[in-house]
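Protein chains in written order, with our numbering: chain Z, 1 to 114; chain F, 1 to 115.
No wet-lab data here; the hints were simulated from the structure. Accuracy of the hints is not assured; some may be wrong.
Stated by the list, open to error - Label pairs and their computed distance ranges (CB to CB):
1. Asp-39(F) x Ala-2(Z): 30 to 40 Å
2. Glu-102(Z) x Glu-15(F): 25 to 35 Å
3. Thr-18(Z) x Gly-41(F): 19 to 29 Å
4. Thr-70(Z) x Ala-9(F): 34 to 44 Å
5. Ser-53(Z) x Gln-81(F): 36 to 46 Å
6. Leu-100(F) x Gly-71(Z): 16 to 26 Å
7. Ala-9(F) x Val-12(Z): 41 to 51 Å
8. Ser-70(F) x Thr-18(Z): 42 to 52 Å
9. Lys-51(Z) x Arg-96(F): 16 to 26 Å
10. Leu-100(F) x Ser-27(Z): 18 to 28 Å
11. Gly-28(Z) x Leu-100(F): 16 to 26 Å
12. Val-20(F) x Lys-51(Z): 39 to 49 Å
13. Tyr-74(Z) x Leu-100(F): 35 to 45 Å
For each residue, glycine too, the CB sits at the ideal point set by N, CA and C.
Chain residues, written in single-letter form:
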Amino acid sequence: EAGVTQFPSHSVIEKGQTVTLRCDPISGHDNLYWYRRVMGKEIKFLLHFVKESKQDESGMPNNRFLAERTGGTYSTLKVQPAELEDSGVYFCASSQSPTYGEQFFGPGTRLTVL
Amino acid sequence: KQEVTQIPAALSVPEGENLVLNCSFTDSAIYNLQWFRQDPGKGLTSLLLIQSSQREQTSGRLNASLDKSSGRSTLYIAASQPGDSATYLCAVRPGRGSTLGRLYFGRGTQLTVWP
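Using the sequences and the accompanying hints, generate a full structural model.
Put into structure tokens, the structure is as follows:
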């Protein structure tokens, strides 16, 4: 069974540009999460989807971040326009129902904003 | 707001030693606690999941304990090996409120086991 996959593995962009990150959860997992780790800090929650619905988006830093999960399958996280402080590693995780099941993480996307 | 602290931040030991990694959390109303391992440049690998009603979980040379009332968990690694070198992360899931899905992470303990 394939694990959680993320694309790209690395992205280097300039301030003001747009970047879109993709996450493919484990097949059959209704719950999908996005997290972020900035240098020197702990991993922090961004948002949680249950199927295609946003269950909790209270961790999204501002309206430059837009997450979607069309059809309840893969998810995208768009940053537009990117700022220097958006640099970090973006992790995606998925879990089966119920919501409090064990979370399985992808390898992450390392985003560098210059 | 839940805060998770891990001590020590870094640990370097010779092969064969038994290790204890510590994790503490400020809000004892948790649903479960998960220990992860992260290798450089890689994602998080789940090691152990302890439900709030459990006291400990074991997997091979790993044993995790949970004292929910005091807000503490420990990860015990027996007979450490160089392959255990990684960053170990503790994460808790809240047991109430609208944020049931999210995990709160500590900053991790960076472990180096040398031959």
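Hints, one by one, checked against the model:
At about 19 Å, the CB distance of Asp-39(F) to Ala-2(Z) disagrees with the hint of 30 to 40 Å. Between Glu-102(Z) and Glu-15(F) the C-beta distance comes to about 30 Å, which sits within the given range of 25 to 35 Å. Evaluation of the 19 to 29 Å hint for Thr-18(Z) and Gly-41(F) yields a pass: the beta carbon distance comes to about 25 Å. Checked against the given bound of 34 to 44 Å, the beta carbons of Thr-70(Z) and Ala-9(F), roughly 40 Å apart, stay inside it.
A beta carbon spacing of about 44 Å between Ser-53(Z) and Gln-81(F) agrees with the range 36 to 46 Å that was offered as a hint. For Leu-100(F) and Gly-71(Z), the Cβ-Cβ distance of about 24 Å falls inside the hinted range of 16 to 26 Å, so the restraint holds. For the pair Ala-9(F) and Val-12(Z), the beta carbons lie near 29 Å from each other, so the given range of 41 to 51 Å is not met. A beta carbon spacing of about 47 Å between Ser-70(F) and Thr-18(Z) agrees with the range 42 to 52 Å that was offered as a hint.
For Lys-51(Z) and Arg-96(F), the Cβ-Cβ distance of about 23 Å falls inside the hinted range of 16 to 26 Å, so the restraint holds. For the hinted restraint 18 to 28 Å between Leu-100(F) and Ser-27(Z), the CB-CB distance of approximately 23 Å keeps it satisfied. Separated by about 20 Å at the C-beta atoms, Gly-28(Z) and Leu-100(F) satisfy the suggested range of 16 to 26 Å. The beta-carbon spacing between Val-20(F) and Lys-51(Z), approximately 41 Å, falls within the hinted interval of 39 to 49 Å.
About 23 Å separates the C-beta atoms of Tyr-74(Z) and Leu-100(F), a value inconsistent with the hinted range of 35 to 45 Å.
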